[in-house]
Amino acid sequence: MGQNALGTTTKRSWDVKLGGIAKVRGMQILSRFQVRVMATVIIAAVYLFEAANTSAQEHAPERAKNPFAENAAALEAGSRLYGQACQACHGGEGRGDRGPALATGVFAHGSTDGELFLSIQNGFPGTQMPGFSSLKTDQIWQLVSYIRSLSGNNEAPEKLTGNAKTGAALFFGKAACSECHGVQAKGGIVGPDLSAATRFPAQLLRQKILDPTTSMNPQARGRIATTVSVTTKDGRTLRGTRRAEDSFSLLMTTADGSLQRFEKGDLAGFRYEFESMMPSSYGQRLTAKEIDDLVAFLKSQTGRDLSKTAQAPIAGGLRWERIRDSRKEPGNWLTYWGDYQGTHFSALKQITSNNVAGLQAKWAAQMPGDSILESTPIVVDGIMYTSGSPGEVFALDARTGLQIWKYQRRQKIVNPYEGNRYNRGVAVVGNRVFFGTLDAVLIALDARTGLPLWETKLADTMEGYGITAAPLVVKDKVIVGVGGGEYGIRGFLDAYDAATGKRLWRFDAIPGPGSFGHDSWLGESWKQGGGATWLTGSYDPDLNLLYWTVGNPGPDFDYKLRKGDNLFTCSVVALNPDNGQRKWHYQFTPEDSHDWDANEDVILIDREFGGRPRKLLVQANRNGFYYVLDRTNGEFLMATPFVKQTWNAGFTKAGRPIKAAGTDAEPEGNVVYPGLGGGTNWQAPSYDAGRGWLYLVTQEYGQRYVLTPSPYEPGKAYWGGRSFGIAESPVVAIKALDAVTGQEQWRFRIAQGSLSAGVMATSGNVVFAATREGNLVALDSESGAPKWRFQTGANIATSPMSYAVDGKQYVAVASGGVLYSFALPDAP
4 MGQNALGTTT KRSWDVKLGG IAKVRGMQIL SRFQVRVMAT VIIAAVYLFE
54 AANTSAQEHA PERAKNPFAE NAAALEAGSR LYGQACQACH GGEGRGDRGP
104 ALATGVFAHG STDGELFLSI QNGFPGTQMP GFSSLKTDQI WQLVSYIRSL
154 SGNNEAPEKL TGNAKTGAAL FFGKAACSEC HGVQAKGGIV GPDLSAATRF
204 PAQLLRQKIL DPTTSMNPQA RGRIATTVSV TTKDGRTLRG TRRAEDSFSL
254 LMTTADGSLQ RFEKGDLAGF RYEFESMMPS SYGQRLTAKE IDDLVAFLKS
304 QTGRDLSKTA QAPIAGGLRW ERIRDSRKEP GNWLTYWGDY QGTHFSALKQ
354 ITSNNVAGLQ AKWAAQMPGD SILESTPIVV DGIMYTSGSP GEVFALDART
404 GLQIWKYQRR QKIVNPYEGN RYNRGVAVVG NRVFFGTLDA VLIALDARTG
454 LPLWETKLAD TMEGYGITAA PLVVKDKVIV GVGGGEYGIR GFLDAYDAAT
504 GKRLWRFDAI PGPGSFGHDS WLGESWKQGG GATWLTGSYD PDLNLLYWTV
554 GNPGPDFDYK LRKGDNLFTC SVVALNPDNG QRKWHYQFTP EDSHDWDANE
604 DVILIDREFG GRPRKLLVQA NRNGFYYVLD RTNGEFLMAT PFVKQTWNAG
654 FTKAGRPIKA AGTDAEPEGN VVYPGLGGGT NWQAPSYDAG RGWLYLVTQE
704 YGQRYVLTPS PYEPGKAYWG GRSFGIAESP VVAIKALDAV TGQEQWRFRI
754 AQGSLSAGVM ATSGNVVFAA TREGNLVALD SESGAPKWRF QTGANIATSP
804 MSYAVDGKQY VAVASGGVLY SFALPDAP
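Going left to right, the sequence shown walks through residues 4 to 831 as the numbering used here numbers them.
Hints listed in this document are in silico derivations from the structure and should not be mistaken for laboratory results.
Careful: at least some of the hints might be erroneous.
Stated by the list, open to error - For lysine to aspartate or glutamate, the following DMTMM-like pairs were computed, each having C-alpha atoms within a straight-line distance of at most 20 Å:
1. Lys566 / Asp522
2. Lys267 / Asp237
3. Lys586 / Asp511
4. Lys211 / Glu276
5. Lys460 / Asp479
6. Lys352 / Glu776
7. Lys68 / Glu182
8. Lys311 / Asp196
9. Lys719 / Asp561
10. Lys811 / Glu266
11. Lys162 / Asp295
12. Lys211 / Glu248
13. Lys352 / Asp667
14. Lys311 / Glu458
15. Lys365 / Asp809
16. Lys478 / Asp545
17. Lys267 / Glu248
18. Lys647 / Asp667
19. Lys505 / Glu458
20. Lys409 / Asp249
21. Lys566 / Glu527
22. Lys460 / Asp522
23. Lys409 / Asp633
24. Lys618 / Asp741
25. Lys409 / Asp384
26. Lys189 / Asp308
27. Lys563 / Glu669
28. Lys460 / Asp249
29. Lys656 / Glu671
30. Lys563 / Asp522
31. Lys168 / Asp308
Required output: the full structure, derived from the provided sequences and hints.
This is the structure we're talking about:
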């Protein structure tokens, strides 16, 4: 059935057909009314089926085909539309003007018909390319047809006389092309990647080899200088490829592949060059046959092949040993929490409680998308790596905010019931950047270029799985958890080889038959047990133990379906990172019926407890208690409430909570403290080892928890109940707690609660706190007194972090769709 499925003609045909089946051997078995109802149901079902298929096609652009390909009428219509909608920016016949040329057939955001369709329909937030969603589907396909025709894609295939295999040997050998150019992640990064060189005509490639001044976009208006030469005040001259620039700053990649940063005012001079960095001597160095072979090799490169790029070496860049010893270089921020211990603390002290009043915004990077930013950046040697909206990753110059590269990936599959459209960050090791996607894929990018190296699918997003958390690199492994605890998933934690993307082990957060803890689930309830692992864990290199938290059981409220402790939900588990084997666990909230997952930061501290030094793990849990455990063996040492709570009547000697009567979710409802969002949530706390205090955001309120059983349906929310507010205003505050006793030292009231806006303490006696209403606030670490604030103008849904470049300390935080960086004024 087509788009007229509910039109008159189609509707009549269904009436006739169903009217016919209403009789069997002359006997009326269905009334006309019943048949009409059946017709309506079937038509609706078919329509929904088509809609689902259309949605799937739109989110799988590589599979979408242009129904008007090579259609003369469509080409004519597309030409008219182009003149009305596109020519003002992209120039006549796609030759380029304010926007890039389209006549080359080379498109930065994907070159398949379906990808072009989506680019036109949706545009690109943060650029001057708008979306044309008001155009009809047929009109967009007509535009695609016309744009395709500009590059001569319908011409006969080119005849090549060279040998691709011989050309490959030349590329990586005698011709030394690979010193600057990469193919399938092998080679240099100074020049453009040539993994998709087949998009260029063979004659143009040949001409470029013989004459490097040849433009690869001969139809573009004018020429763009990509090479720059700078002279420093001490007399040095450097020449390289321009990577990013504004009126004051310049970033360039020199011939050795290193990124150089310059303030233009500090240079003796600089100039743009139209001459390529590519040697001009190939015509003398190579024979005509060798050039033909090179061209044949380049024409064989039809696109980036992840089965080949995954074989690229991981050497260079950030060594794992530097992450392990990150406290030795406080100017960098090398993991999601700043270090393996989860402290979210900066030892930088240039900004102090005495001078923080002079803090200024130094730069702001726009990252607009379909969700506000929740990411915490990584900074490695002056380069900031961060995620934007789901599927986007950026590399920025941490001093200026200039964009070095951007990677963008559209989801291949979208669960129509998908929630939590956020990404909270990336991980870096070697020359690779790792991040997860909402369709449950882990991706590795080249940290120097942003080009993809491998991607691995963890699970089926149509069952509710997704990745929102920043991965954690431990040695040669990338550790990543999954979200979807409200969808009846069976949670797990995975480790992947950082070099190849191969899965090395999986820890099932919900134990299956025969495994320890399986008997803590009633019947078959473990199959939809929840137990998401969606927040980044911590790691002790000395003990070689990985600590990861596990989320709520499923369904969230209906505990009667899953009677038992429901391991390992609402727990912290200690794992051997080499093989994923459990060493110990502690469960904060057995048989939870309040959605109090344990996905909060676990902080590893070394303090005296009970009169002797201990290796401790501390956590302010969503259930309202502050916990102290021995991290070597999971021994329960202490727990004390940090907000009002009514669910717990005490603890056994072994640390098992004693549930107070009448505090589970029930059909008639029970009022319990804390509320659904918890006494705190996943927003970052911060631990100051020098002072021995923990700083965190707290929220004190209660809610009525009501059990309303609901059936499990794959990929849909599986709550089993609801929560309702009561006539009471939450008390929201930033608090300082003694890290060993949990006793409050001071509090600073804020206006609005948040699940995500956290804090960061520094050695400068300052606690930086983000607030939901858009304020970044600086508080005195000792007293909690406010010292400075900046209103960003948008919701802050993440936590601040700090880094240094060239000896200058910065504080960064995302707000809405903008990433801000602050520093003290430059010296006069």
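Now for the hints, and whether the structure bears them out:
Between Lys566 and Asp522 the alpha-carbon distance is near 10 Å, which keeps this suggested pair within the 20 Å criterion. Distance check on the hinted pair: Lys267 and Asp237 sit about 14 Å apart at the alpha-carbon level, within 20 Å; holds. Pair hint Lys586 plus Asp511 holds up; C-alpha atoms about 14 Å apart against a cutoff of 20 Å. Proximity of Lys211 to Glu276 is assessed by CA-CA distance (about 17 Å); at most 20 Å being required, the pair is judged to hold.
Only pairs whose Cα atoms come within 20 Å are accepted, and Lys460 paired with Asp479 is accepted, the gap being roughly 19 Å. A hinted pair counts as satisfied when its Cα atoms are at most 20 Å apart, and Lys352 with Glu776 does not qualify at roughly 27 Å. Of the supplied pair hints, the one linking Lys68 and Glu182 is violated, its CA atoms being roughly 38 Å apart against a limit of 20 Å. Only pairs whose Cα atoms come within 20 Å are accepted, and Lys311 paired with Asp196 is accepted, the gap being roughly 14 Å.
Between the alpha carbons of Lys719 and Asp561 the distance comes to roughly 16 Å, so the proposed pair stays at or under 20 Å and holds. At roughly 15 Å between alpha-carbon atoms, Lys811 and Glu266 fall within 20 Å of each other, so this suggested pair holds. Under the criterion of a C-alpha separation no larger than 20 Å, the hint pairing Lys162 with Asp295 is consistent with the structure, at around 11 Å. Distance hint between Lys211 and Glu248 is unfulfilled; the C-alpha atoms sit about 26 Å from each other, more than 20 Å.
Under the criterion of a C-alpha separation no larger than 20 Å, the hint pairing Lys352 with Asp667 is inconsistent with the structure, at around 47 Å. About 12 Å separates the Cα atoms of Lys311 and Glu458, which keeps this hinted pair within 20 Å; it holds. Straight-line distance between C-alpha atoms of Lys365 and Asp809 comes to about 15 Å, which keeps the hinted pair within the 20 Å bound. Distance hint between Lys478 and Asp545 is fulfilled; the C-alpha atoms sit about 13 Å from each other, no more than 20 Å.
For the proposed pair Lys267 and Glu248, the alpha carbon gap of about 10 Å is at most 20 Å, so the pair holds. Note on Lys647 and Asp667: the hinted pairing holds, with a Cα-Cα distance of about 17 Å set against a maximum of 20 Å. At most 20 Å may separate the alpha-carbon atoms for a hinted pair to count; Lys505 and Glu458 meet this at roughly 10 Å. Between Lys409 and Asp249 the alpha-carbon distance is near 17 Å, which keeps this suggested pair within the 20 Å criterion.
Restraint check: the Cα-Cα separation between Lys566 and Glu527 comes to about 11 Å, which is no more than 20 Å; the hinted pair holds. For the suggested pair Lys460 and Asp522, the alpha carbons sit about 30 Å apart, so the restraint of at most 20 Å is broken. Distance hint between Lys409 and Asp633 is unfulfilled; the C-alpha atoms sit about 43 Å from each other, more than 20 Å. Distance check on the hinted pair: Lys618 and Asp741 sit about 16 Å apart at the alpha-carbon level, within 20 Å; holds.
For the proposed pair Lys409 and Asp384, the alpha carbon gap of about 18 Å is at most 20 Å, so the pair holds. Restraint check: the Cα-Cα separation between Lys189 and Asp308 comes to about 12 Å, which is no more than 20 Å; the hinted pair holds. With a C-alpha separation of about 10 Å, the suggested pairing of Lys563 with Glu669 holds against the 20 Å cut-off. In summary, the hint linking Lys460 to Asp249 is not supported, as the alpha carbons are separated by about 39 Å, beyond the 20 Å threshold.
With a C-alpha separation of about 33 Å, the suggested pair Lys656 and Glu671 falls outside the 20 Å cut-off, and the hint is violated. Among the hinted pairs, Lys563 with Asp522 is consistent with the structure: their alpha-carbon atoms are about 15 Å apart, no more than 20 Å. Proposed proximity of Lys168 and Asp308 is supported: the alpha carbons are some 17 Å apart, at most 20 Å.
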